[in-house]
Amino acid sequence: MSIRKLFESELADLKTELVEMCRLTETMIESAINALVNRDRELGKSVGDTDKRVDEYEMDIEKRCMRILLKQQPVAKDFREVSTALKMITDIERFGDQASDIGDLVYHMPGERYIKKLTHIKAMGELAMKMVRESVDSFIRNDEKLADGVIAADDEMDDLFETVKDELIALIKKDADNGDQAIVLMMIAKYLERIGDHAVNVAEWTKYNETGVHLKF
Amino acid sequence: MKNNKNETVFGQNVSVKNANLWYGDFQALKNIGIEIPEGKVTAFIGPSGCGKSTFLKCFNRMNDLVSGCRVEGEFKIGEADIYDRSTDVNALRKNVGMVFQKPNPFPMSVYDNVAYGPRTFGVRKRSELDELVEESLKAAAMWDELKDRLDKSALGLSGGQQQRLCIARALAVKPKIILMDEPTSALDPISTGKIEELCEELKKTTTIVIVTHNMQQATRISDKTGFFLLGELVEYGDTDDIFSSPKDERTERYITGRFG
Numbered sequence: 001m002s003i004r005k006l007f008e009s010e011l012a013d014l015k016t017e018l019v020e021m022c023r024l025t026e027t028m029i030e031s032a033i034n035a036l037v038n039r040d041r042e043l044g045k046s047v048g049d050t051d052k053r054v055d056e057y058e059m060d061i062e063k064r065c066m067r068i069l070l071k072q073q074p075v076a077k078d079f080r081e082v083s084t085a086l087k088m089i090t091d092i093e094r095f096g097d098q099a100s101d102i103g104d105l106v107y108h109m110p111g112e113r114y115i116k117k118l119t120h121i122k123a124m125g126e127l128a129m130k131m132v133r134e135s136v137d138s139f140i141r142n143d144e145k146l147a148d149g150v151i152a153a154d155d156e157m158d159d160l161f162e163t164v165k166d167e168l169i170a171l172i173k174k175d176a177d178n179g180d181q182a183i184v185l186m187m188i189a190k191y192l193e194r195i196g197d198h199a200v201n202v203a204e205w206t207k208y209n210e211t212g213v214h215l216k217f
Numbered sequence: 218m219k220n221n222k223n224e225t226v227f228g229q230n231v232s233v234k235n236a237n238l239w240y241g242d243f244q245a246l247k248n249i250g251i252e253i254p255e256g257k258v259t260a261f262i263g264p265s266g267c268g269k270s271t272f273l274k275c276f277n278r279m280n281d282l283v284s285g286c287r288v289e290g291e292f293k294i295g296e297a298d299i300y301d302r303s304t305d306v307n308a309l310r311k312n313v314g315m316v317f318q319k320p321n322p323f324p325m326s327v328y329d330n331v332a333y334g335p336r337t338f339g340v341r342k343r344s345e346l347d348e349l350v351e352e353s354l355k356a357a358a359m360w361d362e363l364k365d366r367l368d369k370s371a372l373g374l375s376g377g378q379q380q381r382l383c384i385a386r387a388l389a390v391k392p393k394i395i396l397m398d399e400p401t402s403a404l405d406p407i408s409t410g411k412i413e414e415l416c417e418e419l420k421k422t423t424t425i426v427i428v429t430h431n432m433q434q435a436t437r438i439s440d441k442t443g444f445f446l447l448g449e450l451v452e453y454g455d456t457d458d459i460f461s462s463p464k465d466e467r468t469e470r471y472i473t474g475r476f477g
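Residue numbers (this note's numbering), protein chains in the order written: chain V, 1 to 217; chain F, 218 to 477.
Be aware that one or more of the hints could be misleading.
[Said to hold, decoys possible] From the structure, some residues in chain V lie toward chain F, with a derived Cβ separation under 8 Å:
1. Arg4
2. Val75
3. Ala76
4. Lys77
5. Phe79
6. Arg80
7. Glu81
8. His214
Hints are computed from structural coordinates only; laboratory data are not their basis.
All of these numbers come straight from a predicted model, not from anything done at the bench.
Quick reminder that beta carbons are idealized off the backbone N, C-alpha and C, glycines included.
Hey, can you work out the whole structure from these sequences and the hints?
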């Protein structure tokens with residue numbers, strides 16, 4: 001195999017593993033939201049167990065990137081692809097951490113029943129999954145427009161968060177006994193909002209990969 | 218531009234416009250324009266036969282020595298038009314030194330090698346020559362290793378030492394610009410490292426233009442990079458940009474090893 005072909009093969013393997021890592025975090029977010037909606041404490045707890053696999057993916061992809069940088073000394077688009085992957089895994093790992101934190105909150109959720117409907121939090125969960133998937137897909141497909149879509153979706157995520165926050169504040173004002181659960185729901189909403197921010201980071205790296213310019217949105 | 222003794226004054230920057238060069242019927246350089254800044258290292262990269270060394274040799278008119286070679290266009294070093302009829306080629310080559318791929322010390326002592334240039338340009342006083350030799354060897358980071366062997370033959374030095382001696386020899390006439398044509402391609406990694414360190418140091422006082430096939434070397438030591446292909450300057454810009462985000466697909470293909 002020529003050196004160039006070897007490099008292309010290593011890059012393809014790297015991308016495959018990146019997609020696997022991303023898909024795993026997506027399922028973690030999905031499980032965390034399902035655990036919340038269905039009050040499934042055990043499912044919530046299991047999300048944290050899956051996070052160990054995400055950490056292993058991060059370490060493995062990091063090693064792959066380091067090995068490619070050391071052995072191939074890539075330049076131009078090759079360099080951007082490897083450095084983008086290296087930067088992205090930090091944010092993808094955070095997707096997993098935050099899903100795991102949500103699962104843990106569900107496991108310890110106070111109260112017998114929910115103090116509010118979970119419509120907006122569920123919508124935040126679905127949006128988070130979409131942003132996570134599309135942010136990494138934009139890199140894999142070299143699709144700058146898809147990355148732009150992820151960056152734009154963050155406004156929707158922020159609006160949903162504000163809505164949830166206002167509802168919870170109103171519920172606490174109405175009855176102080178709502179406070180314990182309201183704070184937990186607030187933290188869950190905040191974690192989902194942070195997942196959106198990390199997806200934006202990934203999308204920004206995709207744009208860097210395409211253009212060579214790293215801009216913060 | 219002339220001084221009050223009617224001598225051409227050379228600057229430290231190079232400005233070329235519409236440069237074309239032919240070897241007989243073969244056009245080796247095609248309409249090249251470039252601005253090389255002073256006090257920087259500029260690297261020329263490209264496949265063999267692309268014209269980068271030919272272009273480099275225009276800067277001190279080494280191509281004048283090649284029969285059938287014809288040059289057109291404007292070549293300025295500072296304000297001086299180097300192809301102007303009134304330009305003193307010896308003065309040009311004093312100001313624009315050159316180091317070649319293969320070290321080429323003269324078959325004489327280390328001291329005489331370094332003193333050769335100043336002597337040619339009329340320096341006779343021993344104390345002045347001593348000072349220039351010491352200064353040049355220090356600038357080439359060789360004084361400590363050679364100060365006790367100044368009377369020994371330069372041919373007894375290692376390849377890396379010979380190459381640095383050639384740089385010291387070029388420095389002895391205080392050039393404004395040094396051209397290096399693949400100066401480390403025949404050297405081991407340690408000697409290569411020393412020459413690269415030297416470039417970093419020398420650019421404080423001298424503009425350096427280097428032709429290299431080693432792209433990692435271009436990335437490490439140069440501030441600007443020009444990519445040549447089939448006699449054209451395809452792309453020229455900051456080294457960081459050329460190696461991270463080249464604008465031209467041909468540059469991208471060459472530096473990532475996908476050319477051909």
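Structure-based check of all given hints:
Hint status for Arg4/V relative to chain F: holds, with the closest Cβ pair at about 5 Å, below 8 Å. Interface restraint check: Val75/V against chain F, minimum CB-CB distance 5 Å, threshold 8 Å, status holds. A hinted interface residue such as Ala76/V counts as satisfied when its beta carbon comes closer than 8 Å to some beta carbon of chain F; here the least separation is about 5 Å, so the hint holds. Against a cut-off of 8 Å between C-beta atoms, the interface hint on Lys77/V holds, since the closest Cβ of chain F lies about 6 Å away.
Satisfaction of the interface hint for Phe79/V is found here, the shortest Cβ-Cβ separation to chain F being roughly 6 Å, below the 8 Å cut-off. Interface restraint check for Arg80/V: the shortest CB-CB distance to chain F comes to about 7 Å, inside 8 Å, so the restraint holds. For the restraint placing Glu81/V at the interface with chain F, the shortest Cβ-Cβ distance is roughly 10 Å, beyond the 8 Å limit, so the hint is violated. The beta carbon of His214/V is not positioned within 8 Å of any beta carbon in chain F (closest approach about 11 Å), and the interface hint is therefore violated.
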